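My numbering puts the first residue of the sequence shown at 67, with every later residue one more than the last.
Please keep in mind that the hints were generated in silico from the structure rather than gathered at the bench.
Remember, predicted model here, so these are calculated numbers, not experimental data.
Hints may contain errors.
Said to hold, decoys possible - Computed list of lysine-lysine pairs in DSS-like fashion (alpha-carbon distance at most 25 Å, straight line): (1) K112 / K231; (2) K376 / K180; (3) K269 / K231.
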Amino acid sequence: MIPYGRQDITQADIDVVIDVLRSDFLTQGPMVPRFEEALIEHTGAKFALAVNSATSALHIACLAMGLGPGDWLWTTPLTFVASANCALYCGARVDFVDVDPRTYNLSPVELERKLVKAKRDGLLPKIVVLVHLSGQPCALADFHELARRYGFRIIEDASHAIGGKYQGEPIGNCRYSDVTVFSFHPVKIVTTAEGGAALTNSKELADRMALFRSHGITRDPVIMTHEPDGPWYYQQVDLGYNYRLTDIQAALGLSQMARLNEYVARRHALARRYDELLADLPVVTPWQHPDGYSGLHLYVIRLELATISKTRRAVFEGLRARGIGVNLHYIPVHTQPYYARMGFRNGDFPVAERYYDEAITLPIFPTMTEVQQDEVVAALEAELTT
Numbered sequence: 067m068i069p070y071g072r073q074d075i076t077q078a079d080i081d082v083v084i085d086v087l088r089s090d091f092l093t094q095g096p097m098v099p100r101f102e103e104a105l106i107e108h109t110g111a112k113f114a115l116a117v118n119s120a121t122s123a124l125h126i127a128c129l130a131m132g133l134g135p136g137d138w139l140w141t142t143p144l145t146f147v148a149s150a151n152c153a154l155y156c157g158a159r160v161d162f163v164d165v166d167p168r169t170y171n172l173s174p175v176e177l178e179r180k181l182v183k184a185k186r187d188g189l190l191p192k193i194v195v196l197v198h199l200s201g202q203p204c205a206l207a208d209f210h211e212l213a214r215r216y217g218f219r220i221i222e223d224a225s226h227a228i229g230g231k232y233q234g235e236p237i238g239n240c241r242y243s244d245v246t247v248f249s250f251h252p253v254k255i256v257t258t259a260e261g262g263a264a265l266t267n268s269k270e271l272a273d274r275m276a277l278f279r280s281h282g283i284t285r286d287p288v289i290m291t292h293e294p295d296g297p298w299y300y301q302q303v304d305l306g307y308n309y310r311l312t313d314i315q316a317a318l319g320l321s322q323m324a325r326l327n328e329y330v331a332r333r334h335a336l337a338r339r340y341d342e343l344l345a346d347l348p349v350v351t352p353w354q355h356p357d358g359y360s361g362l363h364l365y366v367i368r369l370e371l372a373t374i375s376k377t378r379r380a381v382f383e384g385l386r387a388r389g390i391g392v393n394l395h396y397i398p399v400h401t402q403p404y405y406a407r408m409g410f411r412n413g414d415f416p417v418a419e420r421y422y423d424e425a426i427t428l429p430i431f432p433t434m435t436e437v438q439q440d441e442v443v444a445a446l447e448a449e450l451t452t
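Work out the full structure, taking the sequences as your base and the hints as a guide.
If you want it as structure tokens, here you go:
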């Protein structure tokens, strides 16, 4: 089976992890700060906090911005559920904004239309979570201008997008957002096995996220309620969580970061080749906005169902039967049973729903060979023409 994504673990990665296993620190040692510095160096952001998942990073970002009961968070329906769930963890409410039909990212036009009504009704969002779907950057400058006019804050869910660029600058620099979140799950562009990070240019947000990352505990006398009892002393000054990343994971991530640009360049080479090989098939290949350089975590095609004799399900199952590990990213969040119980229904966000009806994620990963890619294309062609 050719998987849709696969981590690349080299001997160098193995060696650095073994070095940590033989060291005095398996967690809360020197590797986590080193990994965070590598993220800062790559993106240009002022602060980076490594955590145990991108979900945790989204949660502490919302907490740091004071999201809570009575507040609204808006996001795209085309994302993994974590981009919306982070609001519910804080006791806030969630709504969605339909997507752009070409980029599949949250639509600035639809957002502005919804903001106009929300302002009139007194229901403006406190936070908007932008998701760089498949690694393609959102129209960040447009959203930043809307945030300035309507007073909401922006989280970039860049779980797919490390190594990407917007208008020539690295995703993660937070020029147009308050916080950017990365994921380092094994199928992502670089991995820490499981892990994530939250980046920001705000010291206030960084300090708040650092507290929430580790139980709400501090050893900083400046924010304690009284002088420390001694050098052993700490205080819990807020309700936090155990969202820390281990030194073992950070060492793996630090080693992987050395190959980030190489990985993304290889993904682009594979995507260009897919574009050429699929040009004559009844599919829509991914469109890339000229303002962005995608991280290309995913390569998603849409089937031209009106011109083929099979359903999307039949094509999907046929590819799996031929050893092609296709997947689907994503089922629109508002159609999930948990969200349906909140009142969301099919038909609420028609552009996202039509995408879902037609989409299939093809395999793409840095170690993929052209022979493997030819197998994928041959299998797809067979399914579409028989």
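Comparing the hints with the structure gives:
1. K112 / K231: holds, 17 Å
2. K376 / K180: Answer violated: K376 to K180 is near 37 Å, above 25 Å.
3. K269 / K231: holds, 24 Å
Against the hints set out earlier in the document, a violation occurs for number 2 only.
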